[in-house]
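Chemist: Here are the chains, one letter per residue:
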Amino acid sequence: MGMAALPAITMLPRPSFADVPATSAVNTTGLAVTDSEVTVGILHSVTGTMAISETGSVEAEKLAIEQINAAGGVLGRKIKFIQEDGASDWPTFAEKAKKLLVNDKCAAVMGCWTSASRKAVLPVFEQYNGMLYYPTFYEGLEQSKNVIYTGQEATQQIIAGLDWVTKTKGAKSFYLLGSDYIWPRTSNKIARKHIEGHLQGCKVVGEEYFPLGSTQFNSVINKIKLTKPDVIYAIIVGGSNVAFYKQLKAAGIDLSKQTLLTISVTEDEIDGIGGENIAGAYACMKYFQSLDNANNKAFVPAFKKMWGEKTVIGDVTQAAYLGPWLWKLTAEKAGSFDIDKIAAASPGVEFKGAPEGYVRIHENHHLWSKTRVGRAKADGQYELIFETADLVEPDPFPKGYQ
Amino acid sequence: MLGDYSIGDLGAILAMQGFAGLILFSVYVLMALGLAIIFGQMGVINMAHGEFMILGAYVTWMTSNAVQHFAPSLFPGYFFLAMILAFIASGALGMLVEWALIRHLYKRPLDTLLATWGLSLILQQAYRSIFGAREVGVELPDWMMGSWPATDSIQIPINGMFVMALTMLITIAVAYVLYWSKWGKQVRAVVQNRVMAGAVGINTEKVDCYTFGLGCGIAGIAGSAFTMIGSTGPTAGQLYIVDTFLVVVFGGAASLLGTIASAFSISQTQSTLEFFLSGSMAKVITLLTIVGILMVRPQGLFALKVRK
Amino acid sequence: MVINSRFFNRSELIGFFALALVLFVILPLFLDIFRLNLVAKYLTYAFVGIGLVLCWGYGGILSLGQGVFFGLGGYCMAMYLKLEASSVANTKIQSTPGIPDFMDWNQITQIPLFWKPFHSFPLTILAILVVPAFFAFIIGAAMFKRRVGGVYFAIITQAIAAILTILIVGQQGYTGGINGITDLRTLHGWDIRTDHAKFILYFVEVVLLFGCIIAAQFIRLTKLGRILVAMRDQEDRVRFSGYSVANFMIFAFCAAAVFASIGGALFTLEVGFMSPSFVGIVPSIEMVIYTAVGGRMSIFGAVWGSLLVNFAKTSLSESFPQLWLFGLGALFIAVVLAFPNGLSGIWADYVQPRIDRLLASRKPKSAPGYVADGAPAE
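Residue numbers (this note's numbering), protein chains in the order written: chain W, 23 to 424; chain Y, 116 to 423; chain X, 4 to 381.
Only chain W is shown next, with the shape it has when bound in the complex:
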């Protein structure tokens, strides 16, 4: 308990190698940094209901750390990680975050998945001045010195996709669906504002929410049949997804004819849904496993080599992979592990080796990234249909969308 920090303080500074800066120089605030090691935390749920989703993130973060270590580490130091289990329980997240910061003195924490867990740990990171790399696409409306959001915020993910679907499919009417919590609700709110305010002649014909874990969608499917929307816009999460797509298919809605756009189904979810049940649906996010670029061609085999041939890589998994790399690049730019210096140096940091292509940290600690639309295939992979020409600017507090 609290011992991890001790060596850093008590050990006399050894004569360092020419390219390894002295510990006293890169760590002025008592983080767990020694002459050869730096400690980071991994904080995800490996038990409980969220373990389904968060497993991929843990795997990606471990891969990134291993690769960074193989390439010489950060500022000449190997990364050592301490993994804690949030157990799908928000106070446990807050408690473990505090442990990682206060007792283990982690220089950075890669972690959290749901909005609720992030909201629970945010005050802890702000109070104890830690650095969190948060991988999930999320609802926005947040910005903190102590968090780098490596997933997309809502407007990045939503607006380009809606523009694309109206332009190429001539869509005029939308049916909005979601699981009943903040991310789908906020995202649908942004979608509605965009559809009604910015797209000519388009309207929302229905909007509905279901309790998390709900498995009965036959009634809403009937309503969809009644209203005949051009686009079903679905933000359903977790196990409900499986029920929704299976029932959609069973009800005779053919996704090759009916346009369905989702922002919540990654390759991970398709694993549970079954590719044959969702083939034809469009997903709008920033990364698909099938992306055809050099970075991704190196990343996917490395990931599979470490975690098995059968694992799939979704958007969030890729975003989680960015966390350790961005932190390494930032630390090297700042020449220090100090949280304040990392936070200050973050804007402008570029990661050219990102599997999604190229990302850059914005002033607001979110990432500039491209938005892509993919079409689900029966083998569980997405086929890239469209990508924005330029990086999309993150805008967590969008004017006119609140």
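Just to be clear, a hint being listed does not mean it is correct.
20 Å max Cα-Cα, derived PhoX-like pairs, lysine-lysine [said to hold, decoys possible]:
hint	chain 1	residue 1	chain 2	residue 2
1	W	Lys355	W	Lys332
2	W	Lys421	X	Lys95
3	W	Lys225	W	Lys191
4	W	Lys120	X	Lys201
5	W	Lys327	W	Lys84
6	Y	Lys297	Y	Lys222
7	W	Lys374	W	Lys355
8	W	Lys392	W	Lys319
9	W	Lys167	X	Lys95
Source of the hints: derived by calculation from the structure; they are not laboratory data.
These figures come from a predicted structure and were not determined experimentally.
For chain W, the structure is supplied; the task is to place chains Y and X on it using the hints.
Modeler: Chains Y and X in isolation, oriented as in the chain W frame:
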């Protein structure tokens, strides 16, 4: 919202919505049957009921993989084999649990709740360790997916009809076993008066063990069938547990007919409300109605007239 | 307060002082503030446990919906703290400054009516005590008057917990939804996030805990407590004797609700937020299990149970995150099968006699009311 549609459209939707309600009804009956036996007949509160269902789902998944691997030509029919295996696996686990755990607790029904809750934690973690934390996708034969077009605008999901047929079959089987077979008479005798049943030569321990196994086995079949409509993951079982208990309690615990009647009324209420309200609100109002009615009529819809 | 020998018997007196020694002296001395704050979190469940000892252990009414009352207390406190944290100065970036952030995100521009009383601290305290009691009264009156008990009551309370969770999650503009009410900062201008504040809050909580212990002990020792036990064992005979069984049950249930609510309010203060994940079915059952592990017949047992199970949960999940559920599940089964009276039962059956023998005391051990294997616990 109904102004813009033709009579034909509305008729079709009404028919399909009615069918959606019937599917929900079958799902509820299937969920609750196993529990109606365990809770209704034996008085055991099995909080691990959902986990027994998920065991059935995992067995189905394994069967699906095995059949695809070893005998792909049999794939279209594998589901029937999977359901039988699910019944056997869940039933066997149920009998083991009864022998190791439940039989010590018959006199303390509330304690079975705690013990089976512990059991459900263990099972969940076991699934997670064995099958991984991610959900597994159970691949179904093509003929089970898709829908049957009754008319141009009315489409009936095939898996829905499958669930309905299965529910009917199992209900009849259970009713036969409990009310007409010799063994069913023994079960009911033990429920009504354990000491007396023992005195006339019924092996009460054996009856208990098989009854519990039967209940769990039916849960396994339900889990197997639910791979058609729901997800299969380590914690998916917890989604079902509250609904299931409410169906059984609302029906009047000891009555099979009550369970069916309550599943019918709950499913119709919910699917009607879902059509006019949002999914979340429909759920809240349905639950509130059930709780409200239970407060007025605590014995449930159909209670056995037993003097306390 | 004068604690005479009739209020606590000898072993209870030892238990009382042992607990006081541990909570007031030993833990604060040996734990760093992080661990002490964890202990404070565990202890909030002890409040629920004490209530459960009264209504379940003594009254025989098992409620699987104590999370509802825990949540009500917690939300009352959280609403007060949130309003204080949402001053116009703190919420400048919102489109409507001066209201809680989640309301702003949901296009609510005015503080809703039911939030208004929570501007005032005394009203908040009053709400923490009265709101759960009121709810418990309604539920209890409806059910006990109709002689619903045992398993049915357990399942109905469970359904109520499910309903409240779905409601809170669904009405996120008014309740913060699934994220709950987060980012709480000050209590009456006093920053509750600092280590110093956590230290003081810990002692406030322990004092309140002992207040509740004494109150529960008082209830237990009055005639009321004895009637509760009588009802649990032979409800009909009590009814034939002319007592209104329902009223006593309602009282026990309300008392348990108030204790749980106090625990919830303290939880919000200690942890710094409140969310629907403490209202639902899973936390409610877990709270029952802490009590069962500690000993459903023992007030002190409930406190120890909450402490030890949570401590085991934290430390097991730190060292073996993949395996702790196995351990936890096995613990529950073991407690139910082998030690129906929990830790306090083990203490009374195995440890106490040895101590007595060591002290050569000839007093016969008295442990009336323990659940024997055949006793009707329904």
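Chemist: If a hint holds in the structure, say so; if it doesn't, say that too.
Modeler: Comparing the hints with the structure gives:
A threshold of 20 Å between alpha carbons decides the hint, and for lysine 355 of chain W with lysine 332 of chain W the separation of about 37 Å lies outside it, so the pair is violated. For the hint linking lysine 421 of chain W to lysine 95 of chain X, the alpha-carbon distance of about 15 Å falls within 20 Å, and the restraint holds. Under the criterion of a C-alpha separation no larger than 20 Å, the hint pairing lysine 225 of chain W with lysine 191 of chain W is consistent with the structure, at around 15 Å. Between lysine 120 of chain W and lysine 201 of chain X the CA atoms are separated by roughly 13 Å; this keeps the pair inside 20 Å, and the hint holds.
For the hint pairing lysine 327 of chain W with lysine 84 of chain W, the CA-to-CA distance comes to about 13 Å; that is within 20 Å, so the pair holds. Our distance criterion of 20 Å between C-alpha atoms is broken by lysine 297 of chain Y and lysine 222 of chain Y, whose separation comes to about 26 Å. Between lysine 374 of chain W and lysine 355 of chain W the CA atoms are separated by roughly 14 Å; this keeps the pair inside 20 Å, and the hint holds. Restraint check for lysine 392 of chain W and lysine 319 of chain W: satisfied, since their Cα atoms lie roughly 18 Å apart, inside the 20 Å limit.
A threshold of 20 Å between alpha carbons decides the hint, and for lysine 167 of chain W with lysine 95 of chain X the separation of about 17 Å falls inside it, so the pair holds.
Hint check: violations occur at hints 1, 6; the rest are consistent with the structure.
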